[in-house]
Amino acid sequence: MGWILREVMVKVRLKARAILSLVLIVAMAGKPSPGGGKVYVYYPSLARPLAIQESLARNCPGLEITVFARLADLEAQVAQEKPEILVAPGMVLGPFRGYASRLQGVRNGSTTENFVLLSLEKPVDMGRVSKLEIGVVGILERAEMGAFINGLVGGTPRLNRVTKVEDLLPLLIFHSVDAVLVSESNMAELQRKSQEKLTASRLEKGQVTLTALAVREGFDAKEMLMQWRHLDAGSLRMLGVDGWK
Amino acid sequence: MAVCLAAIANGSDSILILRPSGIHFDEAANGLVHELGLEFETHARLLAAGDDAAAVANEIHLAHCKAVVLMDNQAIQLYAQVQKLWRDSLPPPPGVALMAVRVDRAIAGMARMTGIFYEVPAVTTVMNLRSILSSPVRKVGVLARPSMRDFVKENAKWCQSENIQLLAFEIPEAGQDPSLAVRRGLRRLRLDQDVDALWILNDNFLLTPEIIAGGWLPALEHFRKPVVVGVENLVTSAVSFGTFALLPDHYALGVQTAGIILRLKAADWEAPDSTRLEQPLAVYKILNLPQARKVASIRDEALVEIDKVLR
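Sequences listed follow chains W and E, in order. The first sequence begins at 4 in our numbering and counts up one residue at a time. The second sequence begins at 331 in our numbering and counts up one residue at a time.
Straight-line distance between alpha carbons at most 30 Å, and here's what the computed BS3-like set of lysine-lysine pairs gives:
#1 Lys196(W) with Lys615(E)
#2 Lys85(W) with Lys638(E)
#3 Lys200(W) with Lys469(E)
#4 Lys208(W) with Lys248(W)
#5 Lys200(W) with Lys555(E)
#6 Lys555(E) with Lys196(W)
#7 Lys469(E) with Lys555(E)
#8 Lys196(W) with Lys469(E)
#9 Lys624(E) with Lys555(E)
#10 Lys638(E) with Lys41(W)
#11 Lys483(E) with Lys200(W)
#12 Lys487(E) with Lys200(W)
#13 Lys483(E) with Lys196(W)
#14 Lys134(W) with Lys200(W)
#15 Lys196(W) with Lys134(W)
#16 Lys196(W) with Lys487(E)
#17 Lys196(W) with Lys638(E)
#18 Lys248(W) with Lys85(W)
#19 Lys487(E) with Lys134(W)
#20 Lys208(W) with Lys196(W)
#21 Lys483(E) with Lys125(W)
#22 Lys208(W) with Lys134(W)
#23 Lys487(E) with Lys125(W)
#24 Lys200(W) with Lys615(E)
#25 Lys225(W) with Lys85(W)
#26 Lys624(E) with Lys196(W)
#27 Lys615(E) with Lys41(W)
#28 Lys595(E) with Lys134(W)
#29 Lys469(E) with Lys125(W)
FYI, nobody ran anything at the bench for these hints, they're computed from the structure.
Excised from the complex, chain W in its bound form (with noise of 0.2 Å):
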């Protein structure tokens, strides 16, 4: 079986290589506008990158966008590429030194959404949530993870990191930990999926800045928004918001 896997996954490796590479050939292939430039984003959801990257890019012929899946490869690639924009979740933005935030993304009015604790039947006694175990996505390193997430919980549970919002729900079926952390809007997508009885606990201080874009200090991006304040809505929706400010 070992051999089968290896061999297979090699291929599956190189031909998601190619067809990412191809990706972004044919993004970059329309030379860019003189507002062009380069837009890296991050944004963890149930959507894959590269369907989120081809939504972008159909809306945005004239810019170089890449979304990264993983926030190290998002790390380095700013620290050497420098790229004229970020977008991201607005607590990832803020490390990243020489970017001002430009927009805001808003859903249904609101700068922000709510995250919940979202266990399995019952819901989470939040006078013992420091000696829980929560399942979260790493969208910060680990320290500044465990200091957000504290913040947002009162407490401070024992976390265990996953790389993708859908990893969640199998720590809830094969019990690894005692609840997860989702916005409201990925816990209905899970308790879809799943037809174990998933119970949201809301927290008093679970509000969380939504999709922020943010422009590399001293850049004219002036063209660059303007599309961007022009995606679709189904683009909009990957990002999590339904408009900017």
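Please build the complex by placing chain E on the supplied structure of chain W, with the hints as guidance.
Leaving out everything else, chain E in the frame of chain W:
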């Protein structure tokens, strides 16, 4: 070794990774090392022919490694030899095994071990299938040898929690033409059990070119339900075999391993519970869309959740 000794000097915990070379092992090691961060000093030892268990034991001892990560069955076997040679006054460092075939069996009899299964569990597979279909998936068939009975039983238990019935048909390991047994088993699952989908195990015994040609392919012509596989070359658009493939995400396996290391550290490197192995959490998904449309109604909006869609 030098890296491990440096770890002692700067106060970080040193972790030894025993692994073969290869892109998947690189990916898993990257996920592990990045997730552990700077408070750990990791040192990879690539496996080679004639690896000496005594040398590995000495390396672990001198470097005061807190834990050993073992990728692949070969690394586990080497660490089993290390444990036999271990003469330190302290017990051997806990081991975390991954990317091994049937990791539960591979670490049986060893001390202070835990690990992550490599095989993508049926419940993960079926939940992912269910999320792209408009029709319900309640009964899933599987063909398995008697030696895989415990594996199928464990998977059936997890499936139950999601209201999925995993129905197995056993293929004898000897005494019967396996191609004939595969055809008979699929017919039984299709007609008698009326399953909604088929889960094909990554079992070399049942996936030889002869059995694929003489057993699976003729039987699948009549199956007309989604077929979920664990290898990409069974989901190509050239042959009507698999509809949907779910493969392990190796980077994420590394991150998951880091989580185990962090929990071991929090428990002051006490012996892990070797009876509580973890299931892999993350998968890479490939869908043969034309094939899927022939056998089921697809939710187009769910296609954005698929890593690779063959059109």
